[in-house]
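Chemist: Here's the letter readout for the chains.
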Amino acid sequence: MTRHEAKGATQYTPYHPRWYRTRVSTYWWLWKWYYLKFVLRELSSIFVAYFVVITLLQIHSLGRGPDAYVRFEERMRNPLMIALNAISFLFVLFHTITWFNLAPRAMVAHLGGKRVPDALIACSNYVAWLAISAVVAWFILR
Amino acid sequence: MAEEAPKKFLEPLFWTLFSAGGVVAALLMPVHIFLFGLALPLGWLQDLSHGRALALIEHPLVRIYLFVFCSLPLFHWAHRFRYTLYDGLQIKHLNEVITVFCYGGAIIGTALAGYVLWSIP
Amino acid sequence: MAETIQLEVTRYSPEHDAAPALQRFEVPYRKDWVVLDALNYIKDKLDGSLSYRWSCRMGICGSCGMMVNGEPKLTCATFLSHYAPGAVRVEPLRYFPVVRDLVIEMTDFMVKLQKVKPWIIRKDEKSIADGEYRQTPQQLDVYKQFSMCINCMLCYAACPVYGLDPLFTGPAAIALAQRYNMDSRDEGARERMDILSQHEGIWACTFVGECTKACPKNVDPAGAIQQYKLTAAKEWFKSLLVPWGAK
Amino acid sequence: MDEDRRLKKQLLEKTEGREHIATIRDEMQKAIENGAGIYRTGTSLGDAAARLRQLQQRYTNTVLDDRGLTFNTELIAAMELGFMLDVAEAIVRCALHRTESRGAHQRTDFPKRDDEKFLVHSLVHRNADGSSRVEHLPVKITRWPPGERVYGEQTQAKDVQAGR
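Protein sequences, first through last, are from chains U, A, P and W. Heads up: take any position in the first sequence, counting from 1, add 269, and you land on the working numbering. To convert, note that position 61 of the second sequence is 60 in the working numbering; the numbers rise steadily by one, no gaps. Heads up: take any position in the third sequence, counting from 1, add 63, and you land on the working numbering. Heads up: take any position in the fourth sequence, counting from 1, add 63, and you land on the working numbering.
No lab work stands behind these hints, which were simulated from the structure alone. Remember, predicted model here, so these are calculated numbers, not experimental data. In this text, a Cβ means the ideal position worked out from N, Cα and C, and glycines have one as well. Incorrect hints may have been included.
To be verified - Okay, derived cross-link-like pairs now, SDA-like style, lysine to any residue, Cα gap no bigger than 20 Å in a straight line:
(1) P:297 x A:13
(2) P:108 x W:139
(3) P:280 x P:208
(4) U:301 x U:312
(5) P:108 x W:165
(6) P:180 x P:103
(7) P:207 x U:380
(8) P:108 x P:92
(9) P:276 x U:380
(10) P:207 x P:169
(11) P:207 x P:196
(12) P:276 x U:375
(13) P:207 x U:375
(14) P:280 x U:380
(15) P:280 x P:125
(16) U:306 x U:371
(17) W:93 x P:103
(18) P:301 x P:276
(19) P:108 x W:125
(20) U:383 x P:193
(21) U:306 x U:295
(22) U:301 x P:132
(23) P:276 x U:308
(24) P:108 x W:126
(25) P:207 x U:374
(26) P:108 x W:135
(27) P:297 x U:328
(28) P:280 x P:196
(29) U:306 x U:374
Claimed, not checked - Calculated Cβ distances over 10 Å to all of chain W for the following chain P residues:
(30) 76
(31) 106
(32) 108
(33) 140
(34) 162
(35) 163
(36) 166
(37) 188
(38) 205
(39) 251
(40) 303
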């Protein structure tokens with residue numbers, strides 16, 4: 270019996286002399302495209318954190334004066350940074366899509382005694398996302 | 000079991016922060032990365048000058064917005080990264096280290112965000 | 064001989080074998096045959112020593128769950144024609160210890176199922192003379208989806224979290240707990256909360272979502288778990304604000 | 064423990080024999096389906112009884128593929144087959160004895176219901192020599208006395224009769 274099993278769950282008897290257990294491979298998430306998709310979804314959080322760090326660096330350079338700010342902008346123009354940002358953008362987009370698609374399953378809304386269809390909730394999420402993105406962009410660029 | 004008690008206690012808090020961070024990241028991250036990570040550096044848009052950026056950040060509401068934008072997604076990262084390490088790499092025995100590293104990182108990041116944002120004159 | 068199809072079936076005898084191995088069988092291919100029909104053909108005509116669980120043949124008893132070409136399936140509802148002409152690989156449900164051939168040891172699930180108290184709990188039980196607990200169709204709709212579970216354990220075989228952390232309470236047990244939590248006649252939500260809000264309860268779930276895909280009865284255990292996380296988090300904040308509240 | 068030893072001797076450890084349980088089970092199903100369906104006659108039931116006697120003989124000559132002690136479903140199937148042959152015999156024995164028609168027991172050679180003789184439970188007993196006999200147990204009538212089963216227009220006639 271492994272120590273991970275629920276207490277009182279498992280006992281051998283004369284008619285169950287032994288069982289065969291398979292160990293889960295470390296690479297279990299490569300078994301299936303869907304598992305890989307799940308792991309990529311979870312890993313998108315790294316890019317989320319990465320861009321928080323970038324944002325903090327930007328604010329920091331902003332506080333240290335125009336020269337520091339220009340140096341920051343210079344560094345952001347580095348092709349490697351651009352590539353990293355492009356990848357981050359794709360991952361974060363992936364996060365947005367999966368998050369909005371899964372949200373209705375976690376938060377069930379009822380209207381007039383009936384469950385609001387998942388597609389409708391997801392749809393309103395997307396509309397809100399586009400609207401908020403537009404407002405943020407307008408605020409920064411106006 | 001005694002050592003697991005505090006973990007059990009904080010689980011709902013971490014999950015709530017994770018979810019809130021997930022929502023913030025889903026709603027705001029794409030437009031931020033697109034603007035500051037791609038569009039501005041590639042020159043698709045006119046540069047955001049230092050003076051203009053400083054003027055934007057002067058408003059306390061913008062600072063609060065940026066604080067939320069930085070802090071909650073860090074907790075989102077902490078939670079997901081913790082479970083990815085825990086399940087993906089099967090390093091359960093390092094559970095305590097992982098937990099401290101992830102949530103500790105998010106807490107430090109949050110403190111830094113507060114410091115950086117409000118140290119600007 | 065008419066058209067045939069190859070079946071690769073896990074064989075394991077704890078008395079003789081160190082580890083399971085696949086054995087090949089050739090069975091008649093018929094369009095209306097499910098994988099279970101093919102297994103029954105093997106047992107009746109080719110090798111009577113093949114062991115597997117089955118009963119109703121109509122997707123209601125939940126005993127014939129196995130891995131078919133790597134996916135958890137009810138073999139009574141999985142047609143050979145879906146895989147023909149290729150070989151069909153039949154293995155015991157993943158993540159469970161194998162007792163023999165295609166038979167898995169399910170006590171772990173049974174213990175967990177019982178732990179979440181999947182029955183109606185009342186503070187004061189009515190006497191039979193007082194009549195039944197009534198429910199409107201709307202109240203039934205709230206939990207009906209979760210009550211369709213047949214305990215076939217396909218969701219456990221689909222859940223990598225259960226595979227990696229066998230202490231995890233798992234999809235079906237949590238969905239069934241939620242089925243009773245949402246039942247208007249039930250008053251046991253608080254009792255179940257103590258079990259479900261542990262780390263090995265709902266919090267271990269990372270919303271992979273495969274349990275819901277594997278479910279032959281459209282129960283959506285993944286949704287049930289996330290909904291329960293929200294409830295548990297709300298309760299947690301409530302108990303912070305009102306620490307002297309009911310317990 | 065005696066039962067344990069009997070099973071081992073009769074099934075698990077027996078190596079001679081050539082009948083497979085699946086074959087006998089299939090033939091039993093056919094015999095019952097053909098001879099003792101809802102519509103049955105003395106002849107069809109007699110044929111089924113004869114077939115069953117043969118199958119019971121052949122059952123003693125079965126051999127198992129599976130000699131394992133762990134989750135041996137073939138052993139269980141073999142035991143079940145023995146019981147099913149007994150039950151099949153009881154069904155046919157009672158149906159032969161009951162020379163009337165009632166419910167799902169439709170003797171086309173005796174289409175009428177006979178409450179005089181057969182408003183009884185049939186009990187099958189095993190005799191010491193291995194044969195079987197049928198005995199009767201009177202039916203205790205409670206809330207719903209048995210009535211003739213009629214359909215269509217006859218139903219209304221019956222209702223009028225009963226004053227409904």
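Chemist: It remains to establish, for every hint, whether it holds in the given structure.
Modeler: Do the hints match the structure? See the list:
1. P:297 x A:13: holds, 13 Å
2. P:108 x W:139: Within the cut-off at roughly 17 Å; holds.
3. P:280 x P:208: Between residue 280 of chain P and residue 208 of chain P the Cα gap is close to 9 Å, so the pair holds against 20 Å.
4. U:301 x U:312: holds, 17 Å
5. P:108 x W:165: Between residue 108 of chain P and residue 165 of chain W the Cα gap is close to 39 Å, so the pair fails against 20 Å, i.e. violated.
6. P:180 x P:103: violated, 36 Å
7. P:207 x U:380: holds, 18 Å
8. P:108 x P:92: Judged against 20 Å, a Cα distance of about 14 Å means the pair holds.
9. P:276 x U:380: Violated. Residue 276 of chain P to residue 380 of chain U sits at ~26 Å, over the 20 Å cutoff.
10. P:207 x P:169: violated, 25 Å
11. P:207 x P:196: holds, 16 Å
12. P:276 x U:375: Holds: residue 276 of chain P and residue 375 of chain U sit about 16 Å apart, inside 20 Å.
13. P:207 x U:375: Holds. Residue 207 of chain P to residue 375 of chain U sits at ~17 Å (cutoff 20 Å).
14. P:280 x U:380: violated, 25 Å
15. P:280 x P:125: holds, 10 Å
16. U:306 x U:371: Given that 20 Å is the threshold and the Cα spacing comes to 14 Å, the pair holds.
17. W:93 x P:103: With a Cα-Cα distance of about 18 Å, the restraint between residue 93 of chain W and residue 103 of chain P holds, given a limit of 20 Å.
18. P:301 x P:276: violated, 34 Å
19. P:108 x W:125: holds, 14 Å
20. U:383 x P:193: violated, 31 Å
21. U:306 x U:295: Given pair residue 306 of chain U, residue 295 of chain U holds - Cα atoms ~16 Å apart, limit 20 Å.
22. U:301 x P:132: It holds: about 12 Å lies between the C-alpha atoms, which stays within 20 Å.
23. P:276 x U:308: holds, 17 Å
24. P:108 x W:126: holds, 13 Å
25. P:207 x U:374: Within the cut-off at roughly 16 Å; holds.
26. P:108 x W:135: holds, 17 Å
27. P:297 x U:328: Not satisfied, since the Cα-Cα distance of roughly 35 Å exceeds 20 Å.
28. P:280 x P:196: violated, 26 Å
29. U:306 x U:374: This hinted pair holds, its Cα atoms lying about 18 Å apart.
30. 76: violated, 6 Å
31. 106: Label violated. Min Cβ-Cβ 7 Å, cutoff 10 Å.
32. 108: Violated, since 7 Å does not exceed 10 Å.
33. 140: Given a closest Cβ separation of 21 Å, the condition holds.
34. 162: violated, 5 Å
35. 163: violated, 4 Å
36. 166: Violated: least Cβ distance 5 Å, not greater than 10 Å.
37. 188: It holds; residue 188 of chain P is separated from chain W by about 30 Å at its closest Cβ, greater than 10 Å.
38. 205: At roughly 39 Å from the nearest Cβ of chain W, residue 205 of chain P sits farther out than 10 Å, so the non-interface label holds.
39. 251: holds, 36 Å
40. 303: holds, 51 Å
Hints 5, 6, 9, 10, 14, 18, 20, 27, 28, 30, 31, 32, 34, 35 and 36 from the earlier list are contradicted by this structure; the remaining hints agree with it.
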